[in-house]
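Residue numbers (my numbering), protein chains in the order written: chain A, 36 to 493; chain B, 36 to 493.
Some clues are possibly wrong.
Which copy is meant is left open, so a pair is good if it fits within one copy or across any two.
[Said to hold, decoys possible] Result set (DSSO-like, lysine-lysine): computed pairs, CA atoms no more than 30 Å apart in a straight line: (1) K337 - K410; (2) K337 - K293; (3) K337 - K268; (4) K459 - K268; (5) K268 - K365; (6) K410 - K268; (7) K337 - K152; (8) K337 - K149; (9) K152 - K67; (10) K149 - K477; (11) K149 - K364; (12) K343 - K293; (13) K84 - K142; (14) K149 - K293; (15) K149 - K365; (16) K384 - K467; (17) K467 - K268.
Hints are computed from structural coordinates only; laboratory data are not their basis.
Number of protein chains: 2
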Amino acid sequence: MSTRTVLVIGAGKSTSQLVNYLLDKSQKENLKIIVGDISLENAQKLVNKHPNGNAISLDVFNEQQRTQAIDNATIVISMLPARFHIEVARDCVKLGKSMVTASYISKEMQALDKEVKEKGLVFMNEIGLDPGIDHMSAMQVLDRIRDNGGKMLLFESFTGGLVAPESDTNLWNYKFTWNPRNVVLAGQGGAAEFIQEGTYKYIPYQRLFRRTEFLEVEGYGRFEGYANRNSLKYRSVYGLDDIPTLYRGTLRRVGFSKAWHIFVMMGMTDDSYNLQETETMSYRDFVNLFLPYSPTDSVELKLRHHVKIDQDDLLWDKLLELDIFNPYKKLGLTNATPAQCLQRILEDKWTLAPNDKDMIVMYHKFGYEINGQRKQIDATMVNIGEDQIETAMARTVGLPVAMATLRILNGEITTPGVQLPISKEVYEPILKELEDYGITFKEYDVPYLSYNPHSTGG
Amino acid sequence: MSTRTVLVIGAGKSTSQLVNYLLDKSQKENLKIIVGDISLENAQKLVNKHPNGNAISLDVFNEQQRTQAIDNATIVISMLPARFHIEVARDCVKLGKSMVTASYISKEMQALDKEVKEKGLVFMNEIGLDPGIDHMSAMQVLDRIRDNGGKMLLFESFTGGLVAPESDTNLWNYKFTWNPRNVVLAGQGGAAEFIQEGTYKYIPYQRLFRRTEFLEVEGYGRFEGYANRNSLKYRSVYGLDDIPTLYRGTLRRVGFSKAWHIFVMMGMTDDSYNLQETETMSYRDFVNLFLPYSPTDSVELKLRHHVKIDQDDLLWDKLLELDIFNPYKKLGLTNATPAQCLQRILEDKWTLAPNDKDMIVMYHKFGYEINGQRKQIDATMVNIGEDQIETAMARTVGLPVAMATLRILNGEITTPGVQLPISKEVYEPILKELEDYGITFKEYDVPYLSYNPHSTGG
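Bound conformation, chain A alone (with noise of 0.2 Å):
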């Protein structure tokens, strides 16, 4: 077998555990894996010396130094953020290379899939964990649902990076495990869209944190989860176009959606435009641009009274403890949004110590019916992680990238095009594989959640 090159573009938070898997298997396999950044030494510390491994330093806007490190591929893997893919997917269309990404298909990679297939390559895209692993995970209950004879009545889907019961020290049982900015911008951008009992339901984002639904996860206690904005996205996809309840959600620990609405209701989230004199503001004084004049009342009663929090309501705890009332702390940000302004208040508070751990949940709910009865098997996952490198989130999101980069080198993925991992040639032995890393699905036949008692008759 000769030298099978895996070209990474890509060095960032999610990437260590994908380059780690490579390198171990590269002696077995005959791998050499290139990590091409734009900062050589983030590739660099990536490889750590590793003799199949090198590091290569790499714009993706300078054409040139791109097609050559693709040119010299066998595989290529994006890790870029999403928006920079189409780049590198084009030069793989044209050098005859397959591809394997953790982002959802933009318009851009869906228009190459005729190309694509023509040539015979694999275009492998959300294969990380949400989207990735939600798919997979989904699709090998549903196909096996389906398999027996079953019919679909209700799926619904929720996922959180959160931190580990270990590193839950604050009231908001939450701390930034990913990008903060997503988690500041989170359900913006339009109406939360599903399907419930055959009825279409719309949630705007300004109720989006206050229409949550409980969940409990065994040994791990309850979550909450809120809608994601494109619940129906998948419905075909998943072959569940005559589904009448689909529903996707985030997943947090309870109360905390709750208190973000404050913020969302305050106008503190708001990204669409910029505040003025943001370098010298006090957090304190951010606050109160929201808030009404007065004189003489404080900041404090003014916000309790304009979103009315109870006296007794310990959501004012968690606002105290971001320090949200402090009138010497300084923003320190030049003209920023007011969501930039509340990202660095929370991140205070909210960004991991070094000996923090995370923690991804998901959990999937499918109700089916079968030889005339009704029922329905949760399945939950929880994985935590080592430490700030070694993270739940980069290890869910990396192993099965690389677990597909390297079946398609082998031959084992085979159907060519722009694709998804729905198919069981690709999520049987990936879901396999990831148990060997501690990432498992517990499933539960528990009694079906009927949202409708009279038409069930039950």
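Model the placement of chain B on the given structure of chain A, informed by the hints.
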């Protein structure tokens, strides 16, 4: 005096009294009025066979038609939707014609300023009601206070297009007297920004209709105002760069905003996405889209619970009056946005009856310091329409446009460039003449509205 030709482009609602004014003066002033509209019929209606008028068919996107009509004119009035002015404006520059509009100065329009000045032309904009009469009436008082040595401390300005008391027959005390779509979308597109006692304040859309203030107008009772998006837009234009309090708002009758807030919270004013199956959807089903699913609970109770409307809250009757829970009335719109559906429902109840009259209300507050004393002038204007053609809106928008046009023709308004009506040369004669048409302001000396009693010592 040779005949002067006035070209009026656009024969919409607000153009009728403008054209009447010019036709009435045509004999004495030696005017010929050409009304051009894409609908010849609409143009003919306005001209009404007047010997000094002429109706033409004019498509503003037909370059030849447009250029020729402008070339034949002495001066051009554009009453088109604001985004179409620029086509006319570029021709006017090229062909050396002055121009008048009632719209906000766009960036593209402003960019013509240098050329317009070089050619010695007057492009008078923002000379309708709001913008227009608001600028003129505010500047008149501001200039007077400052000419007398006063220092401005506060300027607040409110305008509302409402229904006249004798036609005020519903619980919302509101009917559509202008473009309903603009009413449904009011306040969207960014936080409202203003300054109060030297402190910047921001109100996000989701709180806009809960941060109102009350205003009394002698003989007309109480109104409420909510903040406009752009309160700071005219700070420099009005010479108020250092003013501690500057606020612009929209007027409604008391209670409107609190009830409207329900629609905002529910997501019914969202215009950013399209719903499914709105053709056959009932009003009741539309409301239910935004409420949690329940097989048993009524849409009524779910709404009450979701947005916390008490059993004895009168705003409930406002909702019932709109018949929003009717399961039989269908929307009849194809894949409409929530905002379009809401507009459809409101049009049932808020459309003016044949004999209904509209009402314009404007309210300015001027706080200032003079000789060590703090004082305040409040100025109010109320104008009531005659019928559905001669509305207060058409009168207050159209007459200032017509008056400015005649004064430019007669060399009384001469300052060249892209202008708005803030100089004495413009506002003094026009405000004076508007009085002949019943558009008058009442001024009241009132105690200074102190938001900050401690710093004022009182």
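Practice task
Could you place K337 and K293 in one of the four classes (within, between, both, neither) given a Cα distance threshold of 30 Å?
Solution key: Classified as both; 19 Å inside a copy, 19 Å across copies.
Handout entry: Identical-chain pair category, K149 with K364, by Cα at 30 Å
Key = For K149 and K364, the Cα distance exceeds 30 Å both inside one copy (56 Å) and across copies (47 Å).
Handout entry: Intra- versus inter-subunit Cα pairing at 30 Å for K152 with K67
Key = Intra 26 Å, inter 69 Å, cutoff 30 Å: intra-copy only.
Practice task
Go through the copies and call it for K149 and K477: within, between, both or neither, with a Cα cutoff of 30 Å.
Solution key: Neither, since 38 Å and 72 Å both go past 30 Å.
Practice task
Tell me, please, which holds for K467 and K268 at an alpha-carbon limit of 30 Å: within, between, both or neither?
Solution key: within (26 Å within a copy, 62 Å between copies)
Practice task
Using 30 Å as the alpha carbon limit, work out where K337 and K152 are close: within a copy, between copies, both or neither.
Solution key: Intra 61 Å, inter 50 Å, cutoff 30 Å: neither.
Problem - Within, between, both or neither: K343, K293 at alpha-carbon 30 Å - result: both (12 Å within a copy, 15 Å between copies)
Problem - Intra/inter-copy verdict for K84 and K142 if alpha-carbon distance must be at most 30 Å - result: neither (38 Å within a copy, 57 Å between copies)
Exercise for the section: Please work out whether the CA atoms of K149 and K365 approach to 30 Å or closer within one copy, between two copies, in both situations, or in neither? Expected result: neither (54 Å within a copy, 43 Å between copies)
Handout entry: 30 Å Cα threshold - placement of K268 relative to K459
Key = Within. Shortest intra-copy distance 20 Å satisfies the 30 Å Cα cut-off; inter-copy 60 Å does not.
Exercise for the section: First find the shortest C-alpha distance between K337 and K268 inside one copy, then the shortest across copies, and answer within, between, both or neither for a cut-off of 30 Å. Expected result: This pair counts as between: shortest inter-copy Cα distance 27 Å, intra-copy 41 Å.
Exercise for the section: Indicate which option fits the pair K384, K467 if close means a Cα-Cα distance not exceeding 30 Å: within, between, both or neither. Expected result: neither (38 Å within a copy, 62 Å between copies)
The structure shown violates the earlier hints numbered 7, 8, 10, 11, 13, 14, 15 and 16.
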